[in-house]
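*Asks:* Each chain, written out:
There are 2 protein chains.
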Amino acid sequence: MPVNLSAPQAHELKPIAGLKLGIAKAEIRKPDRKDMLVMHLAQGSRVAGVFTTNKFCAAPVTVCREHLASQQPIRALLVNTGNANAGTGDQGWQDAKQSCQALAQLLDIAPEQVLPFSTGVILEPLPMDRLLAGMPACVANLDENHWLDAAESIMTTDIVAKAASKQIQIDGVTVTVTGISKGSGMIHPNMATMLGYVATDAKVSQAALDKMVRDAVNRSFNCITVDGDTSTNDAFILIATGQADHAEIDTHSAGYQVLSQAICDIAIQLAKAIVRDGEGATKLMTIQVEAGRDEQECRQIAYAIAGSPLVKTAFFASDPNLGRILAAIGYAGISDLEVDKLKLYLNDVLVAENGGRAASYTEQQGAAVMQQAEILVRVVLNRGTAQATIWTCDFSYDYVKINASYRS
Amino acid sequence: MPVNLSAPQAHELKPIAGLKLGIAKAEIRKPDRKDMLVMHLAQGSRVAGVFTTNKFCAAPVTVCREHLASQQPIRALLVNTGNANAGTGDQGWQDAKQSCQALAQLLDIAPEQVLPFSTGVILEPLPMDRLLAGMPACVANLDENHWLDAAESIMTTDIVAKAASKQIQIDGVTVTVTGISKGSGMIHPNMATMLGYVATDAKVSQAALDKMVRDAVNRSFNCITVDGDTSTNDAFILIATGQADHAEIDTHSAGYQVLSQAICDIAIQLAKAIVRDGEGATKLMTIQVEAGRDEQECRQIAYAIAGSPLVKTAFFASDPNLGRILAAIGYAGISDLEVDKLKLYLNDVLVAENGGRAASYTEQQGAAVMQQAEILVRVVLNRGTAQATIWTCDFSYDYVKINASYRS
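Protein chains in written order, with our numbering: chain A, 1 to 408; chain B, 1 to 408.
Hints in this document: simulated from the structure, not taken from any laboratory. Treat the hints loosely; a few may be bogus.
The list cannot tell twin chains apart, which means a pair is met if one copy fits it or any two copies do.
Think about it this way: if two alpha-carbon atoms lie no more than 20 Å apart in a straight line, the pair counts; the simulated EDC-like pairs of lysine to aspartate or glutamate are [unchecked claim]:
1) 343 x 290
2) 25 x 108
3) 34 x 338
4) 55 x 294
5) 25 x 171
6) 341 x 90
7) 25 x 143
8) 30 x 319
9) 55 x 336
10) 30 x 215
11) 55 x 290
12) 401 x 32
13) 20 x 338
14) 14 x 265
15) 30 x 374
16) 55 x 338
17) 211 x 12
18) 34 x 144
19) 14 x 143
20) 401 x 12
21) 343 x 90
22) 30 x 363
23) 55 x 353
Put together the whole structure using the sequences plus the hints.
*Replies:* Pasting the structure below:
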């Protein structure tokens, strides 16, 4: 069961002026579930995106990159679940292009103004007939208030729909940021099998939007891992419709920090929701590595801990078998690691120092922390001022069960 | 259950002249199981070793390195299971030193002539009283024919004892190579949580032995992975007692290749036995990446596939969800990977080419291969002549079960 995560209420998700969402049940893979989403953006909207680093990236990712590079203003996003259109070769690319064309026709825009996204099974052809058949229903369904439906429509093995919303003031004007995400397996940064869409009605220059999307992703979706698998289809998209009545925000504007922080907050909430809903997750672990020489070594150690199946199964078992954390720190690849200097804490409990178990540590202390649903693993390297934080979940029978039967 | 692996018969394991093995039940962690081993080497023996790269390496690993560096001829090895003496700080180092001292006294040699090894739980102090109490029993038990007992005495979560033996001819003289290994979790190269000991009665120069140990480890124990965790305690030791009646083998001798190959064969058999007995394993997968630019890129891709929990759970489920393999290839970190050029085979079945599913491929073909207990995953990069082979196992409910309850 997801860790301290429940779906938001529809009314908690504030609409974004200039952005309408339309959902359909197109039976892409399974009957009677929402599996298609169209987002329609008003004229004047700006879009920025970050995509998977996987070299076997899916056809829609390639098409997204092409369309964003074409410099034509993006006016619509098309998302399907049930099929990833990845590992589909040239046919996959043609299918993605054709679906953009079809939607463009319905919305009276150019095909290059559409960004396509797919998530689901890899290596199977996209069922174009069903996708095309579902499009008119999506368009007929377009509405500013469909955020919760939209969050539900992009779920795959997700148990809980992921969405968040927040409002801030810029120049005395209320600005809204609302986002949705999906993903719970094949989750690893750069990027995870995850789709994330955050929209705001703020007026933002393209340069500022490009910077915000990178900052947000680096502090959120690129700080989570479920199973270390980086998917072929990941994308994080930031949309600014520009409908709010304030002066345009550029990278040096006073409003930049406020808006960027609000977008980060939403992105972090959406990213952590993915970990809370990690396949088979029963616990959320925050891995915080502090006082390192640089952020890179902190991240490396945090990921070694977060990625260790032995550490993750120990957390699942609530077993304070904490030597496994030390072992993971040891193989993180930091060649001059000073093992005698570092301290390991579980929440507030000092577990290890001077290269071994802390004299004050008792098994009872460790066991008490391990019972909790949210646990902080803190490694203090004591050799610098850099830090990094990674969120991950434990590794349970259900992870194996879900992934051994995903297609059936 | 281990994949096509059963324990050898005692009589299949040929003794090595000049090497005696003594076993005891010392109750290091659990009652009534063989958990201590002493190997006593005749004068004139030579020893070479390779150890874990984990920075949090265990105290006995540190002591082994010190004693090998001291240049005194190694005359005894001491192994205990049940406790790894890792993450035990200065006390751990003192305990390892003291245990060498105690054994040295019993065998009338210097403490620096003893190599200590420990495997088991991390972060708990070594129970010195029990270890010291068990030593006289080990010494009293010393015998050239105790190889199978020795293999059993070093098991932790292993289900099957791992040992192998083979004889070759050098200068018309019969030379024997016999080895044992242990390990089934925390298995990843450089090195795995594994202990491996291979001995021969061949007469070998130190330089040749040092080269053979590296060659053997690089082609065997450094080519396996179960869960990607590199342990704190791994060691691979090669012993040559020099009792066989042939001219000493140096790196350029005619006999070098023959002996080195025999040692490699035994090391590969022992390493694959670890994967066959991988925690929860139901299948053995050989990941072969061919026609790459260099060995490094082949290894990187092979490890990405072998390390992916999604790939491993699909194999467990016998589900030909083969897109997961493409995804793993894609995130292996090869920046200029040519996805359109590569071909993916499952045994003899061509699965993917031209960046997508092969036209000839059918789900039935994939499903038929996935049913088998031993599967070859072949990736042909078609851009060079290098290749690499990695062995791994699938990821099952039992992996989680074993590791969620290891200490209890």
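*Asks:* Which numbered hints are broken by the structure, listed smallest first?
*Replies:* Violated hints: 2, 3, 5, 10, 12, 13, 15, 17 and 20; rest satisfied.
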